[in-house]
Each structure stands twice: as structure tokens, then as C-alpha cells.
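Here's the letter readout for the chains.
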Amino acid sequence: MKNNEYVLQMKNISKEYYGNRVLKDINLSVKAGEIHAILGENGAGKSTLMNILFGMTVIHETGGYEGEIVLDNDSINIKSPVEAMDLGIGMVHQEFMLIPGYSITENIKLNREITKDNLVNKFLPDKLKTLDFKKMGTDARKALDTLGMGIDEWVKVAGMPIGYMQFIEIAREIDKKNIKLLVFDEPTAVLTESEASNLLKAMVKIKEAGIAILFITHRLDEVMEVADNVTILRDGELVATKKNNETNVMQLAELMVGRKIEKIKKSSTEKRIGETILSIENLNVMMPGEEIKGLNLEVKAGEIYGIGGLAGQGKIGIANGVMGIYPTSGEITIKGEKLKLNNPKDALNKNIAFVSEDRRGMGLLLDTSIEMNIAITAIQNKGGFIRNFVLFTQVNNKEMKSHALNMIKELDIRCRSEKQVTRRLSGGNQQKVCIARALTLEPAILFVSEPTRGIDVGAKKIVLDTLVKLNKELGMTIVMTSSELAELRSVCDKIAIISEGKVEGILSPDASDVDFGLMMAGEYKKMQSKGDDIK
Amino acid sequence: MADRKELFDNIKSFFVSNMVTIVFVILGIVGFYYSGLSLPFFVNELSIRITRNSLLVLALIIPVLAGMGLNFAIVLGAMAGQVAIIAVTHWGIIGVRGFMLAMLLSVPLAIVFGYLTGKLLNKTKGKEMITSLILGFFANGIYQLVFLILIGTLIPMDNPVMVLSSGVGLRVSLDLTGGLKYAIDHIWMMSIPWTALTMSTYTMLFVLIRFYINKAGKMTKKVKNTHLYILAVAVIVALGNIYRINMIDENSAFLWALLATISLPILYIAMKLYFDQSEKMTKKSAQKHYYFVAFALPSFLLSLYIMRTASIFNMLRVPIITVLAIAIVCVFTVYIMKTKLGQDLKTVGQDRHIATTAGIHSDKTRLTAIIISTVLASWGQLFFLQNLGTMSTYGSHEQVGMFSIAALLIGGASVSKATIGQALLGVVLFHTLFIVSPLAGRNVFGDAQLGEFFRAFVAYGVIGLSLGMHAWKKQIQSRNSLK
Ligand SMILES: Nc1ncnc2c1ncn2[C@@H]1O[C@H](COP(=O)(O)OP(=O)(O)OP(=O)(O)O)[C@@H](O)[C@H]1O
Ligand SMILES: [Mg+2]
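Going down the list, the sequences are from chains A and B. Take the first sequence: its position 370, counting from 1, is numbered 369 in numbering that gives the first Met the number 0, and each next residue is one higher. Take the second sequence: its position 409, counting from 1, is numbered 408 in numbering that gives the first Met the number 0, and each next residue is one higher.
Each hint should be verified, as a subset may be incorrect.
Stated by the list, open to error - Result set (DMTMM-like, lysine to aspartate or glutamate): computed pairs, CA atoms no more than 25 Å apart in a straight line:
{"#": "1", "chain 1": "A", "residue 1": "Lys78", "chain 2": "B", "residue 2": "Asp362"}
{"#": "2", "chain 1": "A", "residue 1": "Lys78", "chain 2": "B", "residue 2": "Glu5"}
{"#": "3", "chain 1": "A", "residue 1": "Lys400", "chain 2": "A", "residue 2": "Asp366"}
{"#": "4", "chain 1": "B", "residue 1": "Lys4", "chain 2": "A", "residue 2": "Asp345"}
{"#": "5", "chain 1": "A", "residue 1": "Lys176", "chain 2": "A", "residue 2": "Glu207"}
{"#": "6", "chain 1": "B", "residue 1": "Lys345", "chain 2": "A", "residue 2": "Glu207"}
{"#": "7", "chain 1": "B", "residue 1": "Lys11", "chain 2": "A", "residue 2": "Asp345"}
{"#": "8", "chain 1": "B", "residue 1": "Lys345", "chain 2": "A", "residue 2": "Glu82"}
{"#": "9", "chain 1": "A", "residue 1": "Lys30", "chain 2": "A", "residue 2": "Glu168"}
{"#": "10", "chain 1": "A", "residue 1": "Lys339", "chain 2": "B", "residue 2": "Asp8"}
{"#": "11", "chain 1": "A", "residue 1": "Lys344", "chain 2": "B", "residue 2": "Glu5"}
{"#": "12", "chain 1": "B", "residue 1": "Lys363", "chain 2": "A", "residue 2": "Glu60"}
{"#": "13", "chain 1": "A", "residue 1": "Lys155", "chain 2": "B", "residue 2": "Asp8"}
{"#": "14", "chain 1": "B", "residue 1": "Lys126", "chain 2": "A", "residue 2": "Glu60"}
Don't read these hints as lab results, they were simulated from the structure.
Chain A on its own, in the form it takes in the complex:
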């Protein structure tokens, strides 16, 4: 007798971290073939709830949880990820669970390797059977094909664009045969818009196969697009559960933050735009998947310069090239001085700072305090926060602390204290720490890539406002790369659209949607020249 239509019910779930209550009496029910979205601000407790469901070790090392989890009809107490997997629960984690030194196939088949079925193996215990790479490859190929990924299944994961890595994680989950429930923790945060829409399509396919999906995201339009139901958390409490057709984006945003969200508006105060501060000539950047091929660009001092464009066209490559992270050729001039290419140190010396789009791969020292994370680049490269005695130097803790506190307030980093290690922050708040670190350098030019990815709607405004404020007060030149056009248009003075590794055109933020659309599609120049022909 099946008296239970739900695949999963979580009843009165509560959780404390070191005396800090991060979840209070959460109830959640999901049916088979349902996409159930979970919304909430950074630090609301979404990841924690999912970690409980998946039996992650952090949960049990910090005293477990309270409440009951019912899967199908059985009350379960999941103590480890293995148990969760055996029960048919899969998870795509907010941080990647991929081994860079392994091929895609080995990663997809991680701990589910297929062993050879030959004469010798028959007599051996499972652990001593040799692996059947051929069969593993076939399975991996199938999973990748389901997701529409054409990539070779034997390529190593190290050095791949992050968008791909996400899909490999998902391929791993759908390759599991007994899967009933799949958890996606912010899968789209690291994806570009077109990658994200592929992912949503894949999710719908998975759902149609009768698998329930729990989907955490900060992009409300995605929720409206695919989710059947939405649960909203705020400060560890359940605020509401809504059906898709009974709600809308504005209401969801309000429920999340608990107040009305102001639209990010452009301030119209005058600012001083100076001389050319950065000029790029014939730039080539060999960044896999985001190549730049002969690009020219000129940025004036005091500008907020937007860089937009579709995924894979190269917009991300520019900042990575200037910072010397991927092999680069061409000519870059900063304030009349030539920048040494392929030399990150020189970029820092020239007072350029960079907030990478890849915040997981580069950057945070997870077992170090927030204040140290914020100050470290300044200490190492600029001699900031350092007291100079004659024979030795010492870090000036007081100054570092007060600066960190200031940043925590400005960017609304939700933490318990500036001494907290960053591992214990929620994903979104870790990103804010990365931004704070770059701002600490007080750079002449700041490159920010995807500054608001993985950051909730409320905090998005705070981050963008901070950028605008720094620009205005310190005259900091900002080059901002983003896949969200609306965001670029709300803060930038000029927006360059990149197509096929080159600048397709430069628009003012209030140019028409049609122009933006044409440029993104790479059709603008063609249309123009046609127009000329007609004349």
C-alpha cells in the first residue's frame, strides 16, 4: 500500500552550528517528477538543509540535526553520503566534487567504477578486480550525450572551463541507475546564460523520467521557468511554500529578503572622466572556451566599463588575459606604460586588481579567517597592514581588523565575527570576501568578472552599489564583465559587446534592446554594412 505520494518529506528539521541555530523547524515535501526550488538569501541555510539530507560529514561532526526525514515511506537517518547514495539521493554540490587529475570518465564513475568480467577477476574479491575502462567510457559517453555535451570523455578535468565541470557533476548523477531524488545546489551560479538554459532543459528531461529535483538558485526567473513549487527560507526559518502558478518574481524576492526590493537605478550625478588609462591593442588570449582573437579596447580613467556578450564569445578572456592568467599576446598599456604580459605580478604592481569569475578555483584560503583573507593580497604585494620595525616587520592586527569589520559592514558579509574561518561561511558570503579582498588593494583599475553570481537579489544591490560608490569616491576605474545585461546597463557608463573574440560594438547603457540583441548575436556589423549598401 502506498499511502504516501511524496518521495521525500523533511519534518521539523533544525540544526545548530556551534550554538548558532541556522535551521529552525523546516518542513519540506517533494513528489516524484517534481522540481522543487529552494530560495533564500546568502546564509539562509539552504546548503545546510541539503547537507543534512545528503549526510555530509560536516553535519555529523558538528552535532547532527533534529527532526525526521522520510524517504518514500521509511523514516531514515542518513549518516554518510554513501548511505544517501544507496538510498537513491544524488547531489550536485555547490563546490565541485571533481578530481582534477582524473579524466571525465573517471570522475563520472568515481567509486562506481566498472570492473572487468574476465576469468581472473571471477576469483578475486571486488577490490582486486581490474577496471574496465572501455565500459566506463561508454557509460560516461551516454550520460554526456544525454546532457548534450560533445566533449571527449577521456579529457582530463584540470584546466577545463567551469561550465563544463558543472555538467560533469550532473552527468555523474544521472549515470547512477537507482536515483530518485537529485539535489542541485546553485548549479547555475557558475554557468553563463546559455549554459544555464541548457542545464534547465536537462533538468526538465530528468524530471520527466520521474526523478524528483531539489533546486537551489538565486535566479528567480529560472525558478519561474522550471520549478513546480518553491520553498523560501529566511534566516533559517521557513517563510512560505508556493506553487509556481500562484506567485511571481517580485513576490518571491520580497519573501526572501523580507522587504521590498528597490530596482537598481542608475544615479545620474556627473563624474569626471579622465584620460585613457587602459588601452589594449590586438589582444589574443588563449583561454579555452573563451578565446580572444585580436581585440582592441580603450578605457578612460574614472569609467565603469561594461563587457558583455554571449557565453563562449570571449568576454571572460579579457580580464584573464590582462592579469596574465592565460597565455596572452598583443599590447596592453596602462597609464602610458607597457604591461608585461603573462606576468600576474606586474599587473598587481601596476595597481590592477581582479575578482575572478572562478571564485571556487582561485582565491579563498578556506581555513583562514575572514580578516586575513581580505588583507592577504595587500600584505603580500603592497606591504599593507604592516608595521615596520627596523629589523623585522609585523602584521598590524588592529588595522587589519578594523578594515575587515568595515568591509563586512559595507558588503553585508553575514558572519559571526571577522575571525571566523571562511570555510564556515555560506557560498555567497565567501564570494563577498573575494570582492572585499580586491577592493582592499584600492586599485587604480579593478576588473570584476560576474560580481553578483551566486549572490542573492538583496545583496546584489549592495555589491553593485559598493562598486558605484568606490568609482565615485575614489575615482576607481572599473571594468566589469557580466553575463547579466540588466546589471551592466544599471551601473556602467559604456558597454562593449564581445563576439567571436572581438569587440562587436560599444553601446551606451540606454541604447535600445534591439541594438544589444543584434550585437550579442554578432549581426550588428553585418546589418550596418548592409545598411550602407542600400544607401
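Since the structure of chain A is already known, use the hints to place chain B with the ligands on it.
Chain B with the ligands in isolation, oriented as in the chain A frame:
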């Protein structure tokens, strides 16, 4: 322009990443030159040391791959081997039988020691190396307690040859002559050229068969049959040769002519298949096979040449069973890394957190790695001592960890990466220095003591140096990732 820069960068990175090995190759060559040793003497000495020490170094590989660093605790494995030797000698069981018994006896001991080591290392993750080092010292204390004080008091042992005259404690050294000495080595000895000849022949045969199997599916039947026929004849003749080596004069012109005529077609097929196949194999694995042939072919020809001459090399002999044991451990290590267990080991080694999340019992896997390593080390110590012929009861095991680790590091391995090739190369380089440095020291500085110092310095210095360099490299990497 860009190409040249790339080439330059490649060369630079090759030198930087193989710095330690290159320095020791140069030291070895210079040392040999100044030592004034004759080549045959040196080769003989070196071959003895290689067969004696390789197993202990190979025992280190698996824990490295499991991310546990250099296992200083192989000292415990060595102790297990020595306990077995003491027991067997006491019971008076000699020769191969005694050795076999010692091998059997040391296994349960080594498993227990390995288990305890592994448990401890699982409690001190991230500090495995220092823990295993200290553990070695601690275990040595217990070992001394048992054999110096408990023997004759708590443990009755009536054996005036082995026990001190006071009746309590074992003597400082144990003579294995007439017991386990050469128990394995002297079963079957072969001259160095013959050994090299057979080894290179089999290497080439191996390559051939590998390619053959990869390719077999696509061949016509006729071609297949021809190949199989040639192969069968070659194998029979090769086996025949080995048999006859012991029967008739090694320098028999007939034999080498036969071998040459048989081997050439094998080589031909190998090369042909190699060129057909290399496109389909991954570049790396094809390259490896290429190295195999590049190594085997010259040594094949060289040994053929030497065998025709009256060179003194024909008099130098190699213990074949020991060589086989080393080969078996190599094959075993390769095999294990291809199994599910091996994959788990690698995964745990690369990222314990991810491994656990994927459901691998990382603690258990680490435990297995240490147990395998300890058992291999205990056997390694048995082979070592049966060749040495005397066991220093309280000292033989002490430096096993240091010396083996130094050898592995000289071969180019690091705390997180080690291969069989590095282990064997390391043994060669480390022991080359061991042989030449006292003499070279005397000849250059007029003081043999200096060379002795240098020996000690080599062992400890190299460990410090490579660990330091490893930490330095890591620091550079993390600094780069900050930018
Ligand atoms: N390992 C940990 N130790 C202590 N506190 C933690 C730990 N992990 C998370 N927290 C705290 O728990 C709270 C909820 O964090 P959680 O990661 O669940 O947020 P989230 O909703 O996923 O946010 P985001 O959208 O930023 O990812 C936060 O206050 C965070 O600081
Ligand atoms: Mg989260």
C-alpha cells in the same frame, strides 16, 4: 619565435622539476671518475646493492600514491622481517625452507604492525610523515625492550649462540652463514650479460605482445597465424636458451647466433606493430613502450657483444630469483594500481574529502595501503639480510626508512608522486654514491672520512632538500593561485 620560447620553457621546466635527480646523476658520474674504481668492480658492487635494496624502496610507492607521503614506518616492516629471521634461525631451519618460513611468519606480524601504523596515521592526517618517523623510533624502543631485556627473562630462549652469555638479551649481531645467507640468491645465478640479454628480450617480447593484443582484432587471419607461429618459435627457443644456459658454456657461439636470428624477427614485428599502433594508443602509453624498446635494444646488442668477448663482465653474476622477486613486486604494484583498490587509493590520495563524499572509505583504504607497504617492507628486509649474511640485531632496521626514502627521492619522486621507474633509478643513483663517495673523498681530499660524511649527508641531506623543495614548490603554486 613562440615555438622557441616554448621549447626553452619546456627545457627549463624539465630541469627544474628533475633538479634533484640531475644533480645526483652528475655527482655519481664525477664521483665514479675520482674514485678510481674499475668499471667491472663498480658494476658488480652496484648490482649487488640494487638486488639487495630495491624491494624496500618499492614498498614505499603505494602509500605515496594514497596521499600519505613517505612512509618512514617501513621500519616496522623491517622489524617484522627480523623477528621472523630470529625465530627461524633459533629453530635452526635453514636454506630455502627457512627463508620461506620466515616469509610466512613475517606476514601476520607485518599485517598487525601495518594495521596499528595505519590506525595511528588515520588519527594524524596531514602529519603522516612526522608521525611515521616518530613511530619508527618508538617501535625501535619496544623492539629493543623485547630482544634486549625480555628475552631470557619473560621469553625463555635457550640458545647460547644467539643469546648473550648472561642469558638475557640477544647478541648484537646474528651470523646467518650456514643459515639463511644466500638462501635465495644462490638458487640460481646468471652472468650479467646473460641477465641483461634475457631481460631485454623479454621486455621487447612484452611490448610486442601488448601491441599484438591491441591490434589483434583488426588483423586478417593469415597475418595473425604467421605472427603467432613466429611468436611460438621465439618463445620456445628463448625458453630453450634459458635452460641451456646452465647446461653448456655460456659463450657458445651457437647459442648467441640462434638467439640473434630469433630475436631479429621479433624486433621487426614489434617495430612494425609499434608504428601501426602508436596512433591509436594514447601518446603517453605509446611513448612508454617506445622507451622500453629504446632501452632494451641497446642492452640486448651490448650484452650479445660482451658475451662474445672474454670480458670480465661475463664473470659477474646476478641472483635471478631475487631479480624475479623485484619484477614481481613491480608487476604487483602496477596491477594493484589498475584495480578498484588502486583507483580508490589514487582518489583518496588526490582528495580525501571528495573521496569520502563519493562513498570511498578513505580510512580503510589508507589502512590497506600501509599494510601492503609494511608487508612488502618485511619481505624486502628478508631479501636484504639473506644477501648481507649478518644481521645487526639492533641496527639493521634502523636506517631502512631513511635510506629507502632518500633513494626514492633521488630518483625524482616527491611526497605526492612516485613511480616504479623513479624507485629503481633512485636505488641506482643512491647506491652509486654510496660506493664511490668514500674513495672519491680520499682521492680528492686525501681523507676517506670526508667521503663517509658525504654518505651520511647524502641520505639526510637529500630528504631535507627534497622535502624543502616540495614545500617551496607548493608555496609558489598557492601564491600563483592567489593572484
Ligand atoms: N561548517 C560550518 N560551520 C559553522 N557554520 C556554518 C558552516 N557552514 C555554514 N555555516 C553557517 O550556517 C549558515 C547557513 O549557511 P548555508 O551555507 O546553509 O547558507 P546558504 O543558504 O547555502 O547560502 P548561500 O546562498 O550563500 O550559499 C550561515 O550562517 C553559515 O555561516
Ligand atoms: Mg549555499
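Problem set entry | Violations among the numbered hints, reported as their numbers in ascending order | 2 and 6
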